[in-house]
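K.L.:
Sequence:
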Amino acid sequence: IDPILEPLLAKAFIKKGNQVLIKVGDKEIDFSPDFKLYITTKLSNPHYQPEISTKAMIANFALSEPGLEAQLLNTVVKKERPDLDQQKGELVVKVAAGKRKQAELEDTILYMLSTATGSLLDNVELINTLDNSKVTWEEVNESLKVSEETSAMIDEASSAYQPCALRAAALYFVLSDLAMVDPMYQFSLDAYQELFLNSIAKSTKSDTIAERIKNLNDFHTYAVYKYTSRGLFEKQ
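The numbering of the sequence shown is this note's numbering, which starts it at 22 and goes up by one.
It cannot be assumed that every hint is accurate.
Unchecked claim - The calculated DSSO-like cross-link candidates involving lysine-lysine, where the alpha carbons are at most 27 Å apart (straight line), are:
hint	residue 1	residue 2
1	Lys76	Lys63
2	Lys166	Lys120
3	Lys226	Lys76
4	Lys100	Lys57
5	Lys100	Lys115
6	Lys57	Lys36
7	Lys120	Lys109
8	Lys99	Lys115
9	Lys109	Lys36
Stated by the list, open to error - Simulated restraints, written as ranges between beta carbons of each label pair:
hint	residue 1	residue 2	range
10	Asn162	Lys226	38 to 44 Å
11	Leu84	Glu169	25 to 31 Å
12	Ile148	Glu86	52 to 58 Å
13	Glu160	Ala212	44 to 50 Å
14	Leu84	Leu131	39 to 45 Å
15	Thr150	Glu111	43 to 49 Å
16	Gln70	Ser209	29 to 35 Å
17	Asp143	Lys57	53 to 59 Å
18	Leu187	Asn162	32 to 38 Å
Think of the hints as simulated: they come from the structure by calculation, not from any bench. We treat Cβ as the ideally placed atom computed from N, Cα and C, and that holds for glycine.
Start from the sequences, fold in the hints, and give me the full structure.
P.N.:
Here you go:
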């Protein structure tokens, strides 16, 4: 980062009377409280000194291999096991509803406790509400426990297709690295995902997961080879 920006990053303000100034280069200029500075880079994997993170918020939008693996695993499970994907979606909704119900119960109890007058032991409505809330809370807790156990089982079943996601993600990053050979070699993630979907649809099906994974990996590897070789310069 250019040293000229150091005063801005360090927020080294200079106060002169009612003015707030900042030094940029050899000039002192007025500083607006609404001023914001955004710095971007085209570097795929930039490295910053630790002290930079204390002066600026760093947002890394680069695609990581684990992140792509998760996306591709979700893609293949949706196509190969739509039942698991549907169950997972329903569980997410169910768990969210359960946690929302618990939050509502907490709010109701806190409100009644804060607005209650006189002896709490004589407040029949409050006592009944607490009793009912306890029962509901336990029911929701049990439901959440079952949902989490079911979710773990679904994740385990989905993980059987992890080798497909691993291979597909690795191949994409191989394509990305071709830019180091020639900057003209740029590959769209959207186009690659379409290629992966095509491989899922056209590769040979099988009743056994292990064989199905092998068929998909072999088909997609060759599909990536054909897709890439058409775009390579003759010199390569």
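K.L.:
If a hint holds in the structure, say so; if it doesn't, say that too.
P.N.:
Okay, the hints, checked on the actual structure:
no.: 1; hint: Lys76 to Lys63; result: holds, 21 Å
no.: 2; hint: Lys166 to Lys120; result: holds, 12 Å
no.: 3; hint: Lys226 to Lys76; result: violated, 54 Å
no.: 4; hint: Lys100 to Lys57; result: violated, 44 Å
no.: 5; hint: Lys100 to Lys115; result: holds, 23 Å
no.: 6; hint: Lys57 to Lys36; result: holds, 19 Å
no.: 7; hint: Lys120 to Lys109; result: holds, 17 Å
no.: 8; hint: Lys99 to Lys115; result: holds, 20 Å
no.: 9; hint: Lys109 to Lys36; result: violated, 57 Å
no.: 10; hint: Asn162 to Lys226: 38 to 44 Å; result: holds, 42 Å
no.: 11; hint: Leu84 to Glu169: 25 to 31 Å; result: holds, 29 Å
no.: 12; hint: Ile148 to Glu86: 52 to 58 Å; result: holds, 56 Å
no.: 13; hint: Glu160 to Ala212: 44 to 50 Å; result: holds, 49 Å
no.: 14; hint: Leu84 to Leu131: 39 to 45 Å; result: holds, 43 Å
no.: 15; hint: Thr150 to Glu111: 43 to 49 Å; result: violated, 30 Å
no.: 16; hint: Gln70 to Ser209: 29 to 35 Å; result: holds, 33 Å
no.: 17; hint: Asp143 to Lys57: 53 to 59 Å; result: holds, 57 Å
no.: 18; hint: Leu187 to Asn162: 32 to 38 Å; result: holds, 36 Å
Violated hints for the displayed structure, listed by number in ascending order: 3, 4, 9 and 15.
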